[in-house]
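> Just need the whole structure built from these sequences, with the hints factored in.
Residues per chain are reported as follows:
2 protein chains.
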Amino acid sequence: MERRRGDELLESLFDATFQLMKETPHTNLTFQQIAEAAKTSRTVLYRRWPTTFDLLQDIYTYKARKLFEGEYFDELKDTGSLRGDFIQLLTVYQGVYDEIGADVMNNYFYIRMQDPDHSRETALHTASLEKHQQAIAHILKNAKARGEKIKKLSKVTLMLPFDLIRMENMARQANISKKRLIAMVDEVLLPVFS
Amino acid sequence: MERRRGDELLESLFDATFQLMKETPHTNLTFQQIAEAAKTSRTVLYRRWPTTFDLLQDIYTYKARKLFEGEYFDELKDTGSLRGDFIQLLTVYQGVYDEIGADVMNNYFYIRMQDPDHSRETALHTASLEKHQQAIAHILKNAKARGEKIKKLSKVTLMLPFDLIRMENMARQANISKKRLIAMVDEVLLPVFS
DNA sequence: TAAATAAGATACAAAATGCACCTTATGAGC
DNA sequence: GCTCATAAGGTGCATTTTGTATCTTATTTA
Numbered sequence: 000m001e002r003r004r005g006d007e008l009l010e011s012l013f014d015a016t017f018q019l020m021k022e023t024p025h026t027n028l029t030f031q032q033i034a035e036a037a038k039t040s041r042t043v044l045y046r047r048w049p050t051t052f053d054l055l056q057d058i059y060t061y062k063a064r065k066l067f068e069g070e071y072f073d074e075l076k077d078t079g080s081l082r083g084d085f086i087q088l089l090t091v092y093q094g095v096y097d098e099i100g101a102d103v104m105n106n107y108f109y110i111r112m113q114d115p116d117h118s119r120e121t122a123l124h125t126a127s128l129e130k131h132q133q134a135i136a137h138i139l140k141n142a143k144a145r146g147e148k149i150k151k152l153s154k155v156t157l158m159l160p161f162d163l164i165r166m167e168n169m170a171r172q173a174n175i176s177k178k179r180l181i182a183m184v185d186e187v188l189l190p191v192f193s
Numbered sequence: 000m001e002r003r004r005g006d007e008l009l010e011s012l013f014d015a016t017f018q019l020m021k022e023t024p025h026t027n028l029t030f031q032q033i034a035e036a037a038k039t040s041r042t043v044l045y046r047r048w049p050t051t052f053d054l055l056q057d058i059y060t061y062k063a064r065k066l067f068e069g070e071y072f073d074e075l076k077d078t079g080s081l082r083g084d085f086i087q088l089l090t091v092y093q094g095v096y097d098e099i100g101a102d103v104m105n106n107y108f109y110i111r112m113q114d115p116d117h118s119r120e121t122a123l124h125t126a127s128l129e130k131h132q133q134a135i136a137h138i139l140k141n142a143k144a145r146g147e148k149i150k151k152l153s154k155v156t157l158m159l160p161f162d163l164i165r166m167e168n169m170a171r172q173a174n175i176s177k178k179r180l181i182a183m184v185d186e187v188l189l190p191v192f193s
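From first to last, the protein sequence lines stand for chains A and B. FYI, numbering that gives the first Met the number 0 numbers position 112 of the first sequence as 111, with every residue one higher than the one before it. FYI, numbering that gives the first Met the number 0 numbers position 58 of the second sequence as 57, with every residue one higher than the one before it.
Hints listed in this document are in silico derivations from the structure and should not be mistaken for laboratory results. Quick caveat: nothing in here was measured; it's all calculated off a predicted structure. Some clues are possibly wrong.
Copies of the same chain look alike in the list, so a pair counts if it works inside one copy or between any two.
Stated by the list, open to error - No farther apart than 30 Å at their CA atoms in a straight line, the calculated lysine-lysine pairs in the DSS-like style are these:
hint, residue 1, residue 2
1, Lys21, Lys62
2, Lys143, Lys76
3, Lys65, Lys148
4, Lys65, Lys178
So this is what it looks like as structure tokens:
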């Protein structure tokens, strides 16, 4: 009989758990069910995680890692205007949310907050923070080079484009329209940044 | 032997559960433990909720109700300037977060998203949304009466002050300083609204 | 090819679940 | 006051889940 090992096994454990969560709210997950769904024995699970909560932490950091390590921001082109660049940025970032699902992102924040010393993913988180900061810095640099006036803002405020998308996806569940993205740029981002 | 009934009982069930959650991540809560902590029998719990998840939904909507039905916005005075009004608004709203805890708010959003048809608290949610909209409308009306110029913005954008506070509390766990609140007003809200 | 490693199976006591059924305190009605 | 309906609290039981220990076996690596 074939045996899955290492990452291959890990991924199918994650997949099975994820599959189960679509049916049951994950507060009620059991190792028994997961083992069954993943066609393995509980032993394999207990060896890795003391509780289902720990498993979930790993699932979401895994999903988040795949997300954060993506080259999404590398696709960003110079559209010729700050406005165009912002629209492109929001569109790409919203695309990430559409792809991975708002609930995963939501869960990531949730799990993060539950973890007293969110020890396991600080490195990941700071790395992703840096990527986000760089994306903004790049856009603003281009704008300045073009001669567009850019305000000096505090570091936290620079994250506003991402915060807007996040909030929109967390608080309001309706699909985010292109129109809304453009409104974010025209009503919020441009007045704030330029 | 004395028996707690109705709301009194309900509240002490909530309290006991809440107490337990400080020790255990709530993914691992059991009815057994809760019943023990609340000094009652499991029967009482099963009569009310099929799973711990359902209990949690009720807890957070209860907590949220106490929050949303509060008269926080009624305290808002006319400070004489839009800037002052915004600072006051953010301070009051941040105070709410400090009081009730960012994790409760986080959980509220979380539970809300898990619930496919968040059926139980839609009324509550729209009521609170209205309160928020009114608070903003009031501030803007005063500003206009004073002769300050106010931009015409889409309905969703009007929620920006609250979105900022929410995001700040969800994504970044450090305590929000007065300085940061003022920066939000000067760097974001004033450029957007006026 | 042998040894090390990790997956998977089995067993078992303890805890938790989900019900059914029973007892009893308490508030509402007369 | 007294009675009765209601809801709280208790008990018992079959089933599921947990946590752990122990053993077998597939697969990697040296």
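> Compare the structure with each hint and give your call.
Status of each hint after checking the structure:
1. When the C-alpha separation of lysine 21 and lysine 62 is checked against a cutoff of 30 Å, the pair qualifies both within a copy, at 16 Å, and between copies, at 26 Å.
2. In this assembly of identical chains, the alpha carbons of lysine 143 and lysine 76 lie at most 30 Å apart only when taken from the same copy (16 Å versus 41 Å across copies).
3. Proximity of lysine 65 to lysine 148 under the C-alpha cut-off of 30 Å is found in neither arrangement, the shortest distances being 36 Å within a copy and 46 Å between copies.
4. In this homomeric assembly, lysine 65 and lysine 178 come within 30 Å of each other (Cα to Cα) only inside a single copy, at 28 Å, whereas the closest approach across copies is 35 Å.
Going through the hint list in order, the structure does not satisfy hint 3, though it satisfies all others.
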